Amino acid sequence: MKTEFKVPARATDNDSYQLCKLCLELERHSGRAVLDCRETQRFGPIGIAMMASTVALRRAKGLATDLLLPIDDDARAFIEEVSFDRFSEGEETGLGTLEIRRLDGLDAVYTSRVVELLAEGVPGRITDENSYPIQLCLNELLQNVFEWSQSPVGCFVLTRWFKKTRSVRLAVVDRGIGIPAALRRSKVRSLHRALDADVIEAAVMTPDLTSRANRVGGLGLKTIREVVCGRAGRLTIVSLTAKVTWANSKISRFRSPPFRGTAVEIDVRPDAGFAEVEPGSILF
Amino acid sequence: MAHLLISEFCGSNHVTRADGARLRGEVEAHWNDAEPLVLDFSELRIASVSFFDESLGLLAAKHPVEELAAKVKVINIDPQDRSLLNSIVSSRAKERRAS
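These protein sequence lines map, in sequence, to chains A and B.
According to our numbering, the first sequence is numbered sequentially starting from 1.
According to our numbering, the second sequence is numbered sequentially starting from 1.
No wet-lab data here; the hints were simulated from the structure.
One or more of the hints may lead you astray.
[To be verified] Below, in silico cross-link-like pairs of lysine-lysine (PhoX-like), each with a Cα-Cα straight-line distance of 25 Å or less: (1) B:62 / B:94; (2) B:94 / A:222; (3) A:2 / A:21; (4) A:164 / A:61; (5) A:222 / B:62; (6) A:61 / A:6.
[Said to hold, decoys possible] Simulated restraints on C-beta separations: (7) A:163 / B:7: 47 to 53 Å; (8) A:113 / B:30: 55 to 61 Å; (9) A:127 / B:7: 20 to 26 Å; (10) A:95 / B:21: 25 to 31 Å; (11) B:94 / A:253: 42 to 48 Å; (12) A:29 / B:42: 35 to 41 Å; (13) B:94 / A:29: 49 to 55 Å; (14) A:166 / B:12: 50 to 56 Å.
As the structure is a prediction and not an experimental result, all values here were calculated from the model.
In this text, a Cβ means the ideal position worked out from N, Cα and C, and glycines have one as well.
Pulled out of the complex, with its shape left as it was, chain A reads as follows (with noise of 0.2 Å):
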């Protein structure tokens, strides 16, 4: 017997709290289960990723989880392209292309692979220059999985190019212990009585702020923010029972349900060119 479980009709980072509960469920289910997606008319990096790590903690333990398309043309065709129904059929995805991509371990190549696919897919719009950022994003955010995150299942990595806001959205999530987690086991500051949402703001906003024991640290996700804020974009976090969102110099705070590990999701216009340091401050 197979239960379904309701997609909603828009898988972004702004449903994220309908996303999480689903996550939930379907975690929670321990029989055979379907993703019905198929009045789901919208999907973002950030919802595909974390149906993909639900489906993978669900087949660590042995658990079949089967996808019902959507009806929507454009909603269906992003599936495809994106090889979500690939994914869950338990097929490996996203060799050598922008697919859903499950990483074990911070890959260089990979990562500089991904821009590459974005130049060549985007041409006149993304170039060489212009990636960086999205490459520094994705190696920052790669880093911070394989140390910190613990997750069983590695992480899972879509990117995509979204014509309509000329912006590059970069989804990564973890099945791992969740930031603030991570930065309560090590006793940083007072963050151990903090709220999540508190522990996820001061580890983006905080100089210095790491779980690193008495290590240097906590710039990656500072800089994450200045670099996609800078560009007028958006930074989503999404971890435990809190979502934090950057959006140029507005923080906003949302209670979510309970979701294991992170999902980090950013929208980055890569136009803009990156700021340059002040020129005292030129060493090398």
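The hints should help you fit chain B onto chain A, whose structure is shown.
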């Protein structure tokens, strides 16, 4: 003057903190040389805060930047990597001065 071609020394391992720590070890091995160690980033794009922070950022947290700049010469680096590296080293130097 010792010359280190990063693409040869690191291969494809030029992203993580562990990769950066390996490079820092090499820089420290040459710390007492009379001439600066030349780090040649030809044909390579790093695009990693972690790598730069763990390699040269950590050295900037330990030593005055003037000393670091005298011990290490960076050449043929991607302009955006140079900007990122300078930003990280400046940030760590500021923290060192503040501590």
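Checklist entry - Between residue 127 of chain A and residue 7 of chain B, does the C-beta distance stay in 20 to 26 Å? => result holds (22 Å)
Next on the checklist: Next pair to validate is residue 62 of chain B with residue 94 of chain B; report whether the Cα-Cα distance is within 25 Å.
Outcome noted: holds (11 Å)
Next on the checklist: A range of 25 to 31 Å was offered for this pair. Does it hold for the Cβ distance of residue 95 of chain A and residue 21 of chain B?
Outcome noted: holds (30 Å)
Checklist entry - residue 94 of chain B and residue 253 of chain A, beta-carbon distance inside 42 to 48 Å? => result violated (29 Å)
Checklist entry - Okay, residue 94 of chain B versus residue 29 of chain A on CB: inside 49 to 55 Å? => result holds (51 Å)
Checklist entry - Taken at face value, is the distance from the CA of residue 61 of chain A to the CA of residue 164 of chain A at most 25 Å? => result Roughly 39 Å between the alpha carbons, so the hint for residue 164 of chain A and residue 61 of chain A is violated.
Checklist entry - Is residue 222 of chain A close enough to residue 62 of chain B, meaning Cα to Cα at most 25 Å? => result With Cα atoms ~22 Å apart, residue 222 of chain A and residue 62 of chain B stay inside 25 Å; holds.
Item to check | Hint check for residue 30 of chain B and residue 113 of chain A - Cβ pair distance inside 55 to 61 Å | outcome: violated (33 Å)
Item to check | Restraint status (C-alpha distance of residue 2 of chain A to residue 21 of chain A at most 25 Å) | outcome: Satisfied, since the Cα-Cα distance of roughly 19 Å is no more than 25 Å.
Checklist entry - Given the hint that residue 61 of chain A pairs with residue 6 of chain A, does the C-alpha gap stay at or below 25 Å? => result Holds: residue 61 of chain A and residue 6 of chain A sit about 21 Å apart, inside 25 Å.
Checklist entry - Given a hinted range of 50 to 56 Å, is it respected by the beta-carbon distance of residue 166 of chain A and residue 12 of chain B? => result Given about 31 Å between the Cβ atoms, the range is violated.
Checklist entry - Does the Cβ-Cβ separation between residue 29 of chain A and residue 42 of chain B fall within 35 to 41 Å? => result Violated - the Cβ-Cβ distance for residue 29 of chain A and residue 42 of chain B, about 53 Å, lies outside 35 to 41 Å.
When the structure is compared with the earlier hints, violations turn up for hints 4, 7, 8, 11, 12 and 14 and for no others.
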